[in-house]
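> Fit chains B and C to the given chain A structure using the hints.
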Amino acid sequence: MSTRTESVDLVGDEAATNLARAALFAALVGAFAYVTFPNPISPVSVTLQVLGVFLAGIYLGPVWGPAALVLYLAAGALGAPVFEGGSAGVGVLVGQSAGYLWSYPLAAGVVGAVVHRGATLRDPDAAGLATLVAAMVLGTVVIYALGVAGLALVLSLGPVEAVAVGAVAFLPAEALKIAAAVGIVRSDAIAAA
Amino acid sequence: MITLEDVTCRYGAHDRGEDDGDAIDDSVLAVDDVTLSVPDGEFLVVAGANGSGKTTLVRTFNGLVRPDSGTVSVNGTPVSEDLVAARAAVGMTFQDPRDQLVSATVGGDVAFGPENLGLPREEIDRRVEAALDAVDMAGRGDDRITTLSGGERQRVAIAGALAMEPDHLVCDEPFTGLDEPARESVLTRLRERHAGGTGVVVVTHDLRDVVGFADRVVGLDDGRIVVDGPPSEAVPTLSDIGVRVPAGFDAAGDDHAGRSDEP
Amino acid sequence: MTLEYVPGDSLAHRLDPRTKLLVQIGFAAAAYAHTTPRGLAVLTLLAGGSLWAADGDPVDLWGYRFALPVLLAAPLVAGATLGTPWFRVARAETAALASYRVLLLLVVAAAYVRSTPVRDSRAAIHHTVPGRIGAFLGVGVALVFRFLPLLRRDLLAAREAVHVRGGDRLPVHERMRLIAVAGTNRAFGRADRLGTALAARCFAWNPTLPRLAFRRADYPVLALGAGLLATAVATTV
Chain A
1 MSTRTESVDL VGDEAATNLA RAALFAALVG AFAYVTFPNP ISPVSVTLQV LGVFLAGIYL
61 GPVWGPAALV LYLAAGALGA PVFEGGSAGV GVLVGQSAGY LWSYPLAAGV VGAVVHRGAT
121 LRDPDAAGLA TLVAAMVLGT VVIYALGVAG LALVLSLGPV EAVAVGAVAF LPAEALKIAA
181 AVGIVRSDAI AAA
Chain B
1 MITLEDVTCR YGAHDRGEDD GDAIDDSVLA VDDVTLSVPD GEFLVVAGAN GSGKTTLVRT
61 FNGLVRPDSG TVSVNGTPVS EDLVAARAAV GMTFQDPRDQ LVSATVGGDV AFGPENLGLP
121 REEIDRRVEA ALDAVDMAGR GDDRITTLSG GERQRVAIAG ALAMEPDHLV CDEPFTGLDE
181 PARESVLTRL RERHAGGTGV VVVTHDLRDV VGFADRVVGL DDGRIVVDGP PSEAVPTLSD
241 IGVRVPAGFD AAGDDHAGRS DEP
Chain C
1 MTLEYVPGDS LAHRLDPRTK LLVQIGFAAA AYAHTTPRGL AVLTLLAGGS LWAADGDPVD
61 LWGYRFALPV LLAAPLVAGA TLGTPWFRVA RAETAALASY RVLLLLVVAA AYVRSTPVRD
121 SRAAIHHTVP GRIGAFLGVG VALVFRFLPL LRRDLLAARE AVHVRGGDRL PVHERMRLIA
181 VAGTNRAFGR ADRLGTALAA RCFAWNPTLP RLAFRRADYP VLALGAGLLA TAVATTV
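Residue numbers (full-length UniProt numbering), protein chains in the order written: chain A, 1 to 193; chain B, 1 to 263; chain C, 1 to 237.
Accuracy of the hints is not assured; some may be wrong.
Claimed, not checked - Ranges of calculated distance between the beta carbons of each label pair, as one might list FRET restraints:
id: 1; chain 1: B; residue 1: Ser232; chain 2: C; residue 2: Gly167; range: 47 to 57 Å
id: 2; chain 1: C; residue 1: Thr128; chain 2: B; residue 2: Gly197; range: 37 to 47 Å
id: 3; chain 1: B; residue 1: Gly139; chain 2: C; residue 2: Leu68; range: 38 to 48 Å
id: 4; chain 1: C; residue 1: Thr81; chain 2: A; residue 2: Ala175; range: 24 to 34 Å
id: 5; chain 1: B; residue 1: Glu81; chain 2: C; residue 2: Leu209; range: 21 to 31 Å
id: 6; chain 1: B; residue 1: Gly197; chain 2: C; residue 2: Gly227; range: 57 to 67 Å
id: 7; chain 1: A; residue 1: Ala189; chain 2: B; residue 2: Pro230; range: 44 to 54 Å
id: 8; chain 1: B; residue 1: Thr147; chain 2: C; residue 2: Leu68; range: 29 to 39 Å
id: 9; chain 1: B; residue 1: Glu122; chain 2: A; residue 2: Asp9; range: 21 to 31 Å
id: 10; chain 1: C; residue 1: His163; chain 2: B; residue 2: Thr8; range: 42 to 52 Å
id: 11; chain 1: C; residue 1: Arg65; chain 2: A; residue 2: Pro172; range: 17 to 27 Å
id: 12; chain 1: A; residue 1: Ala145; chain 2: B; residue 2: Asn50; range: 45 to 55 Å
id: 13; chain 1: B; residue 1: Pro181; chain 2: C; residue 2: Leu45; range: 52 to 62 Å
To be verified - Which residues of chain C face chain A? A partial, calculated answer using Cβ under 10 Å:
id: 14; residue: Leu21
id: 15; residue: Val70
id: 16; residue: Leu105
id: 17; residue: Ala124
id: 18; residue: Val141
id: 19; residue: Arg152
id: 20; residue: Leu156
id: 21; residue: Ala158
id: 22; residue: Ala180
id: 23; residue: Val181
id: 24; residue: Phe188
id: 25; residue: Ala191
Source of the hints: derived by calculation from the structure; they are not laboratory data.
Ideal placement from N, C-alpha and C gives every residue a C-beta, glycine not left out.
Bound-form chain A, shown alone (with noise of 0.2 Å):
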């Protein structure tokens, strides 16, 4: 058997599975787009994609987490139906939720680095409750000051307006995906993590 095997660059079996884990979890944030669930406090359904990206950063970290969010970017432009409502393409990356979608790697990135202060995992329980939380308001924040600036800058609205059309009905509900991330989290139920 001879093959040429010394001009196969080979990915190690750790990044290969860490790669795997990061196409999982893109794959995962876009069927959390499909979930939706009644929010109490306004009219708008909440689906659990910001969950998703604030638990890519938890169990993935500051490297993978933001990896596996750019997948979720890439593979929608691509044709994936992983944006809301199950949409796809490069319109929906330059349209009105560009700011949002944007900015889930960056929030990926921040969680993860609050919560696990480096590049190195460690048991994301082991940060603390407040931490924890801390990590997931900041990283609402960058999601949400990204998202208001693109939808200004792309639907031509002035800073209220943006935060009257694409925050104010929203925003309560990361609350409940903060409460429920913190649940999980504690409750060790992620068994591979």
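Then chains B and C, alone, in the frame of chain A:
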């Protein structure tokens, strides 16, 4: 030829380190001092109950699991020295093919291995065609993976391994979750590959499908080889270690080797 | 119903994916540079043409219905003002043009999605993004396409299980937690099995690249994309 010498694999020694100081004491021996050689062209069945270490054992063949001690060689070269050669020479399929197929289409998936080997496109096309033919799926390269049945997915996984043109094809529990016709079909493909000269290793906790075609059966219990020989010798002891054996084999010295309905 | 690739033999189906991506980028740039009634009128024809060239029809746009509320609300919110004149038509007009621009971008995106299989998109990445980043994106994107339906099914099953056990009475964040835990665990389980399978198949940073070549039909379309980009640059600079 795959050769294992005094191979021992622990579970937990690596990933439990920081939890508690005495992690080593906690670690489980998944494979316990195994010496084994698998000649080219052999149809070998590795049998054992769940948790007997059989999956860990075969994963040392291509370096997916690195032994804590002992050496594994493929065609005379230690696996640790040339992973690519070992993985090209030992094709492997796993339980639940749903999670091991990478492309949206059958042809794209089968091409994945040869592409990684950096083969020229014409050679890849030739191998994909041959591999699909070998699993009786010729002309179905454009089919979408999501539309396949369980048995077809298992066959695509086998084709993906065959496209690397391995010396040995290792299938971990290839029949799990398949209905009778699908098992039959997968088994027929394996026998054809064996007849064509490829070594076949089937890992299973249920001997009923394969025992009639095996050259040799290795029984594993608690990470140790407890029996190693031709089916007629090995099978009588296997039911003691939690392996399902065909009814006719329960009584020792039975001359009924396998299924009579297979000509 | 979601917008997705539909096999076919239209003009758009036969184009190189890189050509189609360049047109989209050019179109987006032009739409942002010429957000005037006249500019958008010309681009409307182009957008319609691209969807037609992909054998698509307006029904394909149904996949983007979730964008509509925001796109409709924006001009109203922009026009509304506290105190006289209560509604500023000029402001609303600007915002309406901006909203319409987004709609056009979605139409062109629909044409790409409809006419481009994953294989082509993956090939386009491998051929445009060099090195390990390209390999990561190429394989990663293919895997997202491959596993999205499986994870959607996992989540549906989880939701069903929560429902059957009377979970509907739980507070919303608890229900979110249960479903997210199930989904995340399934994703990790699948990822770890997949990672092993990738390794067994010699997963490499430098695989043989998929075939991809521009054909004669690509050149005029490439020129169109470049032209759109050029007009955008010309107006901005």
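> Hint by hint, say whether it matches the structure.
Tested hints:
no.	hint	in the structure
1	Ser232(B) - Gly167(C): 47 to 57 Å	holds, 55 Å
2	Thr128(C) - Gly197(B): 37 to 47 Å	holds, 42 Å
3	Gly139(B) - Leu68(C): 38 to 48 Å	holds, 44 Å
4	Thr81(C) - Ala175(A): 24 to 34 Å	holds, 31 Å
5	Glu81(B) - Leu209(C): 21 to 31 Å	holds, 28 Å
6	Gly197(B) - Gly227(C): 57 to 67 Å	holds, 59 Å
7	Ala189(A) - Pro230(B): 44 to 54 Å	holds, 48 Å
8	Thr147(B) - Leu68(C): 29 to 39 Å	holds, 33 Å
9	Glu122(B) - Asp9(A): 21 to 31 Å	holds, 22 Å
10	His163(C) - Thr8(B): 42 to 52 Å	holds, 48 Å
11	Arg65(C) - Pro172(A): 17 to 27 Å	holds, 24 Å
12	Ala145(A) - Asn50(B): 45 to 55 Å	holds, 51 Å
13	Pro181(B) - Leu45(C): 52 to 62 Å	holds, 56 Å
14	Leu21	holds, 7 Å
15	Val70	holds, 5 Å
16	Leu105	holds, 4 Å
17	Ala124	holds, 8 Å
18	Val141	holds, 5 Å
19	Arg152	holds, 5 Å
20	Leu156	holds, 8 Å
21	Ala158	holds, 9 Å
22	Ala180	holds, 6 Å
23	Val181	holds, 5 Å
24	Phe188	holds, 3 Å
25	Ala191	holds, 4 Å
Figure legend: structure checked against the earlier numbered hints; every hint is met.
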